[in-house]
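> Spelled out from the first residue to the last, the chains are:
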Amino acid sequence: MAGAAPTPSPEAGGSDATYARLRRPLLAPTWTVIGVFLLLPVLLMVVYSFLTKEFRGGVEWDFTLAAYDQFFVTRGLFGDEPAQIEWTYITIFWRSIWQAGLATFLCLLIGFPTAWFIATRPEASRPIWLFLITIPYWVNLLIRTVSLRFILRDQGPMNDALIGLGVISQPLEILNTNLAVQLGLFYSYLPFMVLPIYAAVERYNFALSEAAADLGANRWRALFEVVLPVVRPGIVAGCILVFVPALGAFLAPDLLGGAKTFMIGSLIDEQFRGSQGNWPFGAAVSVILMTLVLIVLMIQARAAARAGQ
Amino acid sequence: MKGVRHYPGFLAVTLLCLLVLYLPLTVVAAYSFNGSTSITTWGGFSLRWYADVFTGPEATRFGQAAWNSLTIAIIASTVSTVIATAAALAMIRSGRFRGKTASYALINLPLLVPEIVIAVATLIFFTTIGLTTGYLTILIAHITFCIPFAYLPIAARLSGIEGHYEQAARDLYASPWQAFRLILLPLLGPGILSGFLLAFIISLDDFIITNFVKGAGMETLPTAIFGSVKQGIKPNIMAISTMMLGVSVLFVSLSYLINRKGRPAR
Chain P
2 MAGAAPTPSP EAGGSDATYA RLRRPLLAPT WTVIGVFLLL PVLLMVVYSF
52 LTKEFRGGVE WDFTLAAYDQ FFVTRGLFGD EPAQIEWTYI TIFWRSIWQA
102 GLATFLCLLI GFPTAWFIAT RPEASRPIWL FLITIPYWVN LLIRTVSLRF
152 ILRDQGPMND ALIGLGVISQ PLEILNTNLA VQLGLFYSYL PFMVLPIYAA
202 VERYNFALSE AAADLGANRW RALFEVVLPV VRPGIVAGCI LVFVPALGAF
252 LAPDLLGGAK TFMIGSLIDE QFRGSQGNWP FGAAVSVILM TLVLIVLMIQ
302 ARAAARAGQ
Chain B
2 MKGVRHYPGF LAVTLLCLLV LYLPLTVVAA YSFNGSTSIT TWGGFSLRWY
52 ADVFTGPEAT RFGQAAWNSL TIAIIASTVS TVIATAAALA MIRSGRFRGK
102 TASYALINLP LLVPEIVIAV ATLIFFTTIG LTTGYLTILI AHITFCIPFA
152 YLPIAARLSG IEGHYEQAAR DLYASPWQAF RLILLPLLGP GILSGFLLAF
202 IISLDDFIIT NFVKGAGMET LPTAIFGSVK QGIKPNIMAI STMMLGVSVL
252 FVSLSYLINR KGRPAR
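From first to last, the protein sequence lines stand for chains P and B.
Positions in the first sequence are counted from 1; adding 1 to them yields the working numbering.
Positions in the second sequence are counted from 1; adding 1 to them yields the working numbering.
Hints may contain errors.
Facing chain P, according to a computed beta carbon distance under 10 angstroms, are these residues of chain B, among others [claimed, not checked]:
no., residue
1, A60
2, P115
3, T145
Treat the hints as calculated values from the structure; they're not laboratory data.
For every residue, glycine included, the Cβ atom is placed at its ideal position computed from N, Cα and C.
Let the sequences and hints guide you as you build the complete structure.
Quick look at the structure:
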């Protein structure tokens with residue numbers, strides 16, 4: 002295979018004795034910085050979730066399961082009733098999963114055709130389309146969420162336009178509803194869906210679709226029965242990239258939602274605000290969120306490994 | 002063969018996708034030039050809110066916040082780019098080794114852990130070791146989560162550069178350091194610059210983690226904007242947002258152009 006085009010692989014750069022000798026010093030800064038300032042803090046957070054709450058918004062180093070008990074179990078107002086399942090926080094988690102799942106589905110609905118369309122453009126114009134999709138990702142999420150809040154307001158540009166066009170006579174009260182949060186999550190993470198699906202479709206061998214067409218399948222049947230199974234890893238990756246950040250989102254529920262749209266991100270944030278907070282409980286909620294995310298990532302890793310075989 | 006690639010309606014969905022992505026930003030940018038004090042009615046084109054940002058009652062607050070954001074972004078992106086470049090050299094150039102997968106996972110850890118969880122963990126860590134939250138804690142947190150963003154373009158670029166060039170230099174009696182500085186570094190330059198620019202934007206834009214570790218009285222531009230927005234969207238916020246939008250678009254465009262132009266011909 003001498004003279005063949007280099008294939009991008011983890012070994013692409015090959016092995017070089019000089020860099021092999023310098024490996025430790027070269028990697029030491031990364032290990033130190035991420036190890037000390039991220040890995041260690043995450044482990045410490047797990048420890049914190051088993052500590053006792055102090056009233057001024059700190060902790061005492063007494064180990065207890067109180068935080069998890071508070072999350073899952075209720076014993077009535079005075080703590081003397083038989084233990085029952087506490088639904089308050091499970092409901093918040095369930096709402097977050099549902100909202101993030103719905104946002105993921107919406108992103109897929111819009112993102113797949115977009116990715117397909119871009120991947121089937123002439124090669125020269127693809128980067129321009131992709132660039133247009135990527136720019137909003139790099140724009141401050143806070144600014145994007147504020148923009149959405151601005152146009153969704155009762156007296157905002159969207160209602161003005163709809164009333165002006167005669168579509169509606171009363172302004173739609175979207176802000177502070179689940180719908181607004183939903184739109185916010187969809188809008189925040191849409192680029193994440195397009196990019197991995199694009200990468201999968203670009204590698205797709207269109208001869209497969211042609212074969213399906215020759216055998217009498219119409220284009221939609223070919224899409225669902227031939228294309229989708231082949232590009233599925235890209236679709237799964239896109240769904241994960243949208244679902245995971247949407248699950249822990251803070252800005253969309255905080256700026257677009259109201260009291261009834263409380264999500265995990267807001268619940269965690271609340272535990273670290275002022276003296277009303279509860280650090281061990283906040284840590285426990287974070288640990289539960291992280292566990293949920295890890296499960297999702299593991300399912301994806303297994304699916305990817307199976308697809309690779 | 003256009004037939005199997007073409008699906009009716011996909012163009013329309015793509016245009017809808019772009020409309021959704023750009024409409025809110027365009028509307029806010031347009032309203033930032035509104036001459037009226039009300040955010041609802043249009044009072045003609047004006048730059049008064051841009052002037053207000055620099056000279057109005059909140060000018061000092063936003064000025065200080067902008068200064069903090071800018072200095073933190075410059076230091077954090079520089080440091081993380083250096084760290085990421087070193088890591089990329091070891092990961093891409095030194096073959097297989099024990100702990101390679103673990104190193105790879107560690108580099109990408111900031112991307113895997115949800116942002117709010119990073120925020121909580123970092124706050125708990127700084128409180129436990131007794132470091133007062135403020136400028137320094139924001140800076141450390143930013144350096145940490147910027148590393149993978151700087152790493153990705155650098156590693157991508159490095160794996161596209163074959164080892165032959167350096168090997169040739171060394172055959173001609175260049176020292177390893179000379180081969181690195183005179184051959185590899187110039188080839189790798191666009192990747193490093195691109196990584197730096199992405200890390201810079203990520204640092205400049207961060208809200209959630211900064212909001213947790215900033216401590217009382219310390220503001221960056223996003224946390225200052227968030228504080229103002231909580232009391233309602235004012236026109237000067239739209240002017241600041243539009244300027245930040247401009248900076249982000251400029252930097253991403255630069256990063257994109259540098260990466261494209263400098264790509265070695267195949």
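> Does each hint hold? Answer for all of them.
Cross-check of the supplied hints:
Taking 10 angstroms as the C-beta cut-off, the interface hint given for A60 (chain B) is violated, the closest approach to chain P being about 19 angstroms. The interface hint given for P115 (chain B) is met, as the beta carbon of that residue sits about 4 angstroms from the closest beta carbon of chain P, less than 10 angstroms. About 4 angstroms separates the beta-carbon of T145 (chain B) from the nearest beta-carbon of chain P, less than 10 angstroms, and the hint is met.
Of the numbered hints listed earlier, the single one contradicted by the structure is hint 1.
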